[in-house]
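Dock chain B against chain A, hints included.
There are 2 protein chains.
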Amino acid sequence: MAQTGCSLSVECAHGVRVGRVQFSAPRLFMYNLQEFKQVFDPILKNFLEQRLKKFSSNSSDNFIKDFIEYSEKLTMAGGKRIRPYIAYVMYTANGGKDIQNALKLFVSLEIFHNFALIHDDIMDKQYKRHGVDTIPAFVLKRLKEEKRTGDLENASNAQGILMGDLFFSWAMELFLGNKNFPKENLNSSQNYFYKMVDELCFGQILDIDIATRKKAKKNLIEDKTRLKTSRYTFVRPMQIGAHLANPNSNMDAFCEELGTRLGIAFQMQDDLLDIVGDPKILEKNTLRDIAEHQHTFFTDYVFEKGTKQQKEKLLKYFGKELKDNEQKEVIEIFEKSRAIEEGKLEILKNLNEAKKIIENSLLPEECKEICLILIESMRIRQN
Amino acid sequence: MAQTGCSLSVECAHGVRVGRVQFSAPRLFMYNLQEFKQVFDPILKNFLEQRLKKFSSNSSDNFIKDFIEYSEKLTMAGGKRIRPYIAYVMYTANGGKDIQNALKLFVSLEIFHNFALIHDDIMDKQYKRHGVDTIPAFVLKRLKEEKRTGDLENASNAQGILMGDLFFSWAMELFLGNKNFPKENLNSSQNYFYKMVDELCFGQILDIDIATRKKAKKNLIEDKTRLKTSRYTFVRPMQIGAHLANPNSNMDAFCEELGTRLGIAFQMQDDLLDIVGDPKILEKNTLRDIAEHQHTFFTDYVFEKGTKQQKEKLLKYFGKELKDNEQKEVIEIFEKSRAIEEGKLEILKNLNEAKKIIENSLLPEECKEICLILIESMRIRQN
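Chains as they are written, first to last, in the numbering used here: chain A, 1 to 383; chain B, 1 to 383.
Only chain A is shown next, with the shape it has when bound in the complex (with noise of 0.2 angstroms):
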């Protein structure tokens, strides 16, 4: 990631020693993403370790213990942080001091994020994250191993949908149970926190929908975009973060206005990089958007304004699992149909525009800083 500065490793205001980014005193301390992530997964593995402790002690079976352990090396493996990121960059945006007990309830986004994932990977039948085994690959592989009976993989992802079950409840126990900040911060914070919930459930129920239909209706798929994505990835964990600084924030329209760019942007570099992105950086297999009859930006953009050779052989191969020379076809498809070059400027106008609103902001200039250097990071992500 750039960064701006030089980067020096320094007991820092908020108590914790890491490289960051260095401003000309007396400013703000400000964690850039990469930073951020250093400081927060120890706090993060610390958690569920105290959780999962609990319940693989309870276990007198080997098998239990491994699998209930297991869900703590997937939520390492990997993850970029970003939700409970943008939360603390608004709550320190807001005048927020505690950063330690902070960082502690901001813990809470990510277990909630890793429920999403371990939820969503079932319903998307993935068997990799990370780079490693799924929840019910791990499970699956270990029953076959023991020779257990019955269906085996029915069984593998009901015990993925129990473990995402116990990482949501985790995840509301920690955000709604907590009882380090002032109660009318913490009720006010808590309200963006439900929305959250409530909006990602009901984005993924449009999405799976969607990939039902035949053709999707544009609003309906305005409407994913907006609850999964902009919603949940960036409008709301402002205005948490903005909320626990201050009850009172009156931040809301400015976190919709730059959530709704920034979620644009990031889940149209999502889907371009399940086209052209690099499989070992990403780590996971790409083109899944085609084989799991995804509506996009660029699926859409093939069947609007392609040829009628584009649109048919696209269409042939929409919903399906492509061999290596297929997926030759449809890369080139979207290059051809200039699909990937409008997407790629369709990103850029959105990044510029989420620029725009934060320069034009009243957030403090470190902070205006540090979110720059996130739209750049975003602008060149390659995972």
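I should point out that these hints are in silico values taken from the structure, not numbers from a laboratory.
You can't tell identical chains apart in this list, so a pair holds if it fits in one copy or across any two.
Straight-line Cα separation of at most 35 angstroms, DSBU-like style, residue types lysine-lysine; simulated pairs:
#1 54 with 195
#2 73 with 37
#3 215 with 308
#4 104 with 37
#5 179 with 53
#6 344 with 125
#7 280 with 336
#8 280 with 141
#9 80 with 218
#10 144 with 53
#11 336 with 349
#12 141 with 316
#13 104 with 355
#14 323 with 305
#15 144 with 320
#16 214 with 144
#17 144 with 215
#18 355 with 344
#19 53 with 37
#20 141 with 217
Same frame as chain A, now just chain B:
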């Protein structure tokens, strides 16, 4: 359900007009389970309507609207409301007076229970619940009618998982976000709610795991019954009710002891009804435990104490969907091996233990009476 005293329709102390058990004045007013359901269901229905309205009014699509509204129909189609009832009994027994707000809070127990049922039915591949379609069955029919594309079964299950997630979220929010009781009471009660959620998920993890084992260790089965039935259906709802009324309640050991007896009896009754129950009254098919390779008291009894022939025959059918004549054979095995007779005795033994625990307790007399009515209804229950 059996009733003591005469049943009158009056405006009672709880402020709701309903037939109720008449005690000699000036004793506590307490509903029996049937009466409770009459009072509780409108509150439950109202909560769901408020929640679902938000989502369906947000959607421009008829199918999405119908799908969301269906989850209310499913919830209201059946269910005994035993968990909120038990919380209510212990709340009242511990001096709780704010019945209206307590029932609103205990709606969360029933919403949570419906979350669990929705996810369970997916894991067990059940298409009927309370005599109507489960969520995936409803969605699948509609997707087929609308001639949607792709793996529609997977999409229908995904919608079930997500609707379950939404129910889970609402249950947590309703309980943990409640503001109608003193903070001390709520905090005390919430601790048991957290435990209940975790225990149910972990109990279900054990349940799924046990069903894949050719032989299940006895302690794993006992752990499962303790977590999934004793704790979930009895112990935790009792403690939630008791601590909501009195945060310093010292009834935890009593709840554990009583709940364990009731839980074992309840689970065994469930397993017994799965063999000898009437599918019409149960509103579901019988012999599902055999089909799903579930180790129960009854299967274990045959495998341990049956004749060689009985063991071999049951093993042959264990984990398979049975034809009509095979079903008859299996029922005969359970009868002739004396598994059913011994099971009935065991149920009775546990219910009698529970009665003794109640009779020897310091509960108010009218609470003892209502608990004994509940136990009697458990003894004769047919669904």
